[in-house]
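The hints should help you fit chain D onto chain C, whose structure is shown.
Chain by chain, the residues run as shown.
Number of protein chains: 2
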Amino acid sequence: MRVIVVGATGTIGSAVVTALSVRHDVVKVGHTGGAFHVDLGSPDSITRLFRAIGAFDALVSTAGVAKLASLDELKDADYQLGLSNKLMGQVNLVRVGRQFINDRGSFTLTSGVLSQEPMKGSASISMVNAGLEGFVRAAALELPRGIRVNVVSPPWVTETLIALKMDPARGMPATIVAQAYLASVEGAATGQTIDPRKLAAE
Amino acid sequence: MRVIVVGATGTIGSAVVTALSVRHDVVKVGHTGGAFHVDLGSPDSITRLFRAIGAFDALVSTAGVAKLASLDELKDADYQLGLSNKLMGQVNLVRVGRQFINDRGSFTLTSGVLSQEPMKGSASISMVNAGLEGFVRAAALELPRGIRVNVVSPPWVTETLIALKMDPARGMPATIVAQAYLASVEGAATGQTIDPRKLAAE
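Chains as they are written, first to last, in this note's numbering: chain C, 277 to 478; chain D, 277 to 478.
It should be emphasised that the hints constitute simulated quantities derived from the structure, not laboratory data.
A quick note: this is a predicted structure, and the numbers were derived from the prediction, not measured.
Please note that a few of the clues may not be correct.
One copy or two, either will do: identical chains are not told apart, so a pair holds if it fits within one copy or between any two.
[Unchecked claim] Derived lysine-lysine pairs resembling DSS-like cross-links, with alpha carbons at most 30 Å apart:
(1) 351 with 304
(2) 396 with 474
(3) 396 with 304
(4) 441 with 304
(5) 351 with 396
(6) 441 with 351
(7) 474 with 351
(8) 474 with 304
(9) 441 with 396
(10) 441 with 474
If we strip away everything but chain C, and leave its shape as in the complex, we get (with noise of 0.2 Å):
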């Protein structure tokens, strides 16, 4: 399959970059970095990303940007960031890409562990992956062709909480992480929000 990663420079994108290149054809999207670039919060780049790539068997995205920040200091651009970013600009790979994607094809985004375990500080990013797997269970009903679209929820990944000097312990390495990206675009779910630790456990 050609599958295009979404963030393919980040911590999980490049665990799931090299999971996917053992058996599929990987074209790196980056904000910067990957073969192609793209800014998720604006729907021109992300139109202009397709018609420069063309089809395409499946999507992952691990990108989009929410802010950490106490509801006190959470200011009004914050909150659009994380919802013209991380929620509208990976919906927006489903919605222009699903005119470029083959039949049967996948789409899967990230929100992530604060969407059902919040912490203090995550009312932005909380409310963000929650709304993209609501978003994603609804659109599952819809695609044509049987095209599909998941998303992956996933916990604290080991890498990061040693780069932010917390305790890896909490955290699962990226490479565990990945498969659940392989599991969504080699399996046949559609809808689902899938949590990696679940899968691990299985």
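Just chain D, lined up with the frame of chain C:
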């Protein structure tokens, strides 16, 4: 208690006003009707509303607009309407209102059954409703002074189904749905998504 009801003239809102009025002093707010007016899509309008009303003990919102339309028909502006009105409008009622609410006060917002039980045409609404539930789970962790926040996820309301010439048998009367809002205002729950069907079955 002094309880603000935003959306007081709507189908659910007017039933909530009736239920609350037995024991509480209700301040009715509508888009054009009610004692006070607000445009949920405008943060300035929300700030003016709270300045005009002053201190209060609870706020219930049964307001907010989002578009039901197929994935093919939903335009950028349709998604933005739901995000700026039903989602951020209600989020902003909490963000601004918490500066005016009394100790141990509560906010009760409205999502809807399409969050978890989507149908064709609900991509934008399911996204918005799920986003509200995610925000409420997270914001509840940070509200000071014993302030609570919940969201009621109403099923289809009988009166609405009749108005839409749909089968009313699958709906719940607004008076029963209103009990879920009363439970949120008078109870101790916070961060919860309250399903009136589960409450009625208890």
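Outcome of the hint check:
Proximity of residue 351 and residue 304 under a CA criterion of 30 Å is satisfied inter-copy only: 28 Å between copies versus 33 Å inside one chain copy. Proximity of residue 396 to residue 474 under the C-alpha cut-off of 30 Å is found in both arrangements, the shortest distances being 24 Å within a copy and 28 Å between copies. When the C-alpha separation of residue 396 and residue 304 is checked against a cutoff of 30 Å, the pair qualifies neither within a copy, at 34 Å, nor between copies, at 32 Å. When the C-alpha separation of residue 441 and residue 304 is checked against a cutoff of 30 Å, the pair qualifies only within one copy, where the shortest distance is 29 Å, while the shortest distance between copies is 50 Å.
In this homomeric assembly, residue 351 and residue 396 come within 30 Å of each other (Cα to Cα) only inside a single copy, at 16 Å, whereas the closest approach across copies is 34 Å. Taking the shortest alpha-carbon separations for residue 441 and residue 351, only the intra-copy value of 26 Å comes in at or below 30 Å, while the best inter-copy value is 42 Å. In this assembly of identical chains, the alpha carbons of residue 474 and residue 351 never lie at most 30 Å apart, being 35 Å within a copy and 35 Å across copies at closest. Proximity of residue 474 to residue 304 under the C-alpha cut-off of 30 Å is restricted to the intra-copy arrangement: shortest distance 27 Å within a copy versus 46 Å between copies.
Taking identical chains as interchangeable, the C-alpha atoms of residue 441 and residue 396 lie at most 30 Å apart only when both belong to the same chain, with a minimum of 18 Å there against 44 Å between chains. For the identical chains of this complex, residue 441 and residue 474 are intra-copy neighbours only, at 26 Å inside a copy versus 43 Å across copies, given an alpha-carbon limit of 30 Å.
The structure does not agree with the numbered hints 3 and 7 stated previously, though it agrees with the rest.
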